[in-house]
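Participant: What follows is the residue order along each chain.
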Amino acid sequence: MKSVFFLCVQDFKRLLTNALFWVLAGTLVVIVLVVNLALPSEIAPEEFNIVTYNLTNGALYGEVMDSEEALREAVSDGGMIGLIGGSDGLTVVHPGLSEKTLNAVMLMLSGAGSQEISVEILNAQTEVIPFNLRISPIFICFEALLTGFILGGALMLAEKEDGTVNVLRISPTGTARYLISKSLLFSVIGTLYATLICVFTIGFDIAWDVFLPLAFFGTLIFTLIGLAYTTLFHEMSGWFFSMVVLLGINMLPVISYTTPAFSPLWMKFIPSYPILFAFQKSLFGGTPETLYTILSMVGWLIISYLIASLMVSKLFLKEVRA
Amino acid sequence: MIQVSHVYHDYEGKGKCAVSDISFQVESGKIFGFLGPSGAGKSTIQNIMTGLLALQKGEITYEGKSVRELKTRFFNQIGVSFEQPNLYSSLTGLENLRYYAALFSVPTLNPMELLEQVGLREDANKRVSNYSKGMKQRLTFARALINKPKYLFLDEPTGGLDPKTAVGIRELIRAQREQGAAIFLTTHNMELADALCDTVAFLYGGVIAASDSPDALKLRFGKREIRVLYRENGAESERFFPMDDKAGLAAFLKTADVIKLHSQEATLEEIFLRVTGKELTA
Chain B
1 MKSVFFLCVQ
11 DFKRLLTNAL
21 FWVLAGTLVV
31 IVLVVNLALP
41 SEIAPEEFNI
51 VTYNLTNGAL
61 YGEVMDSEEA
71 LREAVSDGGM
81 IGLIGGSDGL
91 TVVHPGLSEK
101 TLNAVMLMLS
111 GAGSQEISVE
121 ILNAQTEVIP
131 FNLRISPIFI
141 CFEALLTGFI
151 LGGALMLAEK
161 EDGTVNVLRI
171 SPTGTARYLI
181 SKSLLFSVIG
191 TLYATLICVF
201 TIGFDIAWDV
211 FLPLAFFGTL
221 IFTLIGLAYT
231 TLFHEMSGWF
241 FSMVVLLGIN
251 MLPVISYTTP
261 AFSPLWMKFI
271 PSYPILFAFQ
281 KSLFGGTPET
291 LYTILSMVGW
301 LIISYLIASL
311 MVSKLFLKEV
321 RA
Chain Y
1001 MIQVSHVYHD
1011 YEGKGKCAVS
1021 DISFQVESGK
1031 IFGFLGPSGA
1041 GKSTIQNIMT
1051 GLLALQKGEI
1061 TYEGKSVREL
1071 KTRFFNQIGV
1081 SFEQPNLYSS
1091 LTGLENLRYY
1101 AALFSVPTLN
1111 PMELLEQVGL
1121 REDANKRVSN
1131 YSKGMKQRLT
1141 FARALINKPK
1151 YLFLDEPTGG
1161 LDPKTAVGIR
1171 ELIRAQREQG
1181 AAIFLTTHNM
1191 ELADALCDTV
1201 AFLYGGVIAA
1211 SDSPDALKLR
1221 FGKREIRVLY
1231 RENGAESERF
1241 FPMDDKAGLA
1251 AFLKTADVIK
1261 LHSQEATLEE
1271 IFLRVTGKEL
1281 TA
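Protein chains in written order, with this note's numbering: chain B, 1 to 322; chain Y, 1001 to 1282.
There may be inaccurate statements among the hints.
[To be verified] Capping the alpha-carbon separation at 27 Å, the derived lysine-lysine pairs in DSSO-like fashion look like this:
hint, chain 1, residue 1, chain 2, residue 2
1, B, K160, Y, K1254
2, Y, K1133, B, K13
3, Y, K1126, Y, K1071
4, B, K318, Y, K1148
5, Y, K1164, Y, K1133
6, Y, K1071, B, K318
7, Y, K1254, Y, K1223
Hints are computed from structural coordinates only; laboratory data are not their basis. From a predicted model like this one, the values you see are computed outputs, not experimental measurements.
Using the sequences provided together with the hints, build the complete structure.
Facilitator: What follows is the structure, given as structure tokens:
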């Protein structure tokens, strides 16, 4: 254990001279500034007026225009939504509003003729979470927790490039100690990173008993995946490019986070999915899916360790010993 | 003792072996010199012996135990000084040794004392990226000694060193021998091999062309003659005496104005040339 701690310390010293470490440290500052100063606390709803032409009871919906050209002009210049009646049905003309807004219009048209659409909030929580703070879990999950993936890979590549991997190969360190020393260091760094983002954006009033284990074990999982992945590369450029693609896939759960209605089953198998939603619950409250989160993370921890162990042993340390 | 028996290695698996039928042994408290030009297969053998390459054919044993059966803890007993210094350049010399020492599960030497021995004490806290090539070489050598290895592998340990420092490294290697280490020295430096090795093997084209103690090789391949350089009538002349013609040599020395005496034994360089037909170059 003492030697693992010592290896962690020496690796940390190596990190201090690594440019990527300082890039990530700078990114932390940028994230805090963006969340607090650049992102709005609420996003203004889209407002629109309706104009109609040749529509039965068109006046019920909005202003009735004299001609189709006048309607198109109102849409194009005034940002309105146009409804044109015809023998073959209804045409909706709009200047590029969101699908969400259009759905509301369609709902209105298919209803009983009422323009009033009531909204019911299903979540019992009454306090509305500001938009900028809602984004924090995304930064924590896809920046803080990936420090191990990125920095661990960078240190490993450096060991390949300067030949020190050969020194490790003829030492009694072994795969397990190598993985433990690296992943322990980055799990601590990732947890610290996540904590700093949280404290400087959301504050201290969160469920720390959930947040800290999530950050630690989440970083651990991504560090192990990163170390396994990096064994396939010998130089920084190829590794960096493909890493961006891989991390892009890992970020797909953001779609479900911002559009809760879109949560297909396959999305739940991406390791970041349970972590992202568990962070949301630990930061803002709500009913956590404890069993699913624990099972997913334990599963990913076992899988990532086994894969990392196999790949580091066979491809990186190339152990030929018994 | 390290026993290497009939080792072959084929990198591509196409029947073209980088080394063929290599056999030798390195005894404890002895230095075995593996001499040959670049590409001869020296590194291949060393890498198989240290576990960096898998043993394909033949056998290598450490105290009778096959290299195939060695456990991770065995690596507590070996030290390797690579020809190309492979160090953590962002760490200091002292941190490099501490880092490496942390990898072992046996007692290790004091890093600062080791740095003192290789003349790097004053530069201990300087980053390795600021070291000269010779300093890196010395640090690599020091690193190989940190776990008090029972089996020491040295690849060109004095390469790039100034003569004074090289002498110091030679003394440290001798000290390791005195402490009972089995030392495998890979080099193309004949002078170093001659000065240090108890046994040498000439590796050429992946096979051992000759192997014996340096003295035995010199006897076998050298001329057993004494060359006498002397002055006669104001001019320098030379005369050769067979080693066993002691009486003739003694009689000549009594009368001649001798300038120099030379035994005509061959150097290892000349022997290598004679055995392989090629000059020994890096």
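Participant: Would you mind marking each hint as holding or not holding in the structure?
Facilitator: So, going through the hints one by one against the coordinates:
As the CA atoms of B/K160 and Y/K1254 are separated by approximately 68 Å, the hinted pair breaks the 27 Å bound. Among the hinted pairs, Y/K1133 with B/K13 is consistent with the structure: their alpha-carbon atoms are about 23 Å apart, no more than 27 Å. Pair hint Y/K1126 plus Y/K1071 does not hold up; C-alpha atoms about 36 Å apart against a cutoff of 27 Å. A hinted pair counts as satisfied when its Cα atoms are at most 27 Å apart, and B/K318 with Y/K1148 qualifies at roughly 24 Å.
Restraint check for Y/K1164 and Y/K1133: the C-alpha separation of about 15 Å stays at or below 27 Å, so the hint holds. For the hint linking Y/K1071 to B/K318, the alpha-carbon distance of about 14 Å falls within 27 Å, and the restraint holds. Restraint check: the Cα-Cα separation between Y/K1254 and Y/K1223 comes to about 24 Å, which is no more than 27 Å; the hinted pair holds.
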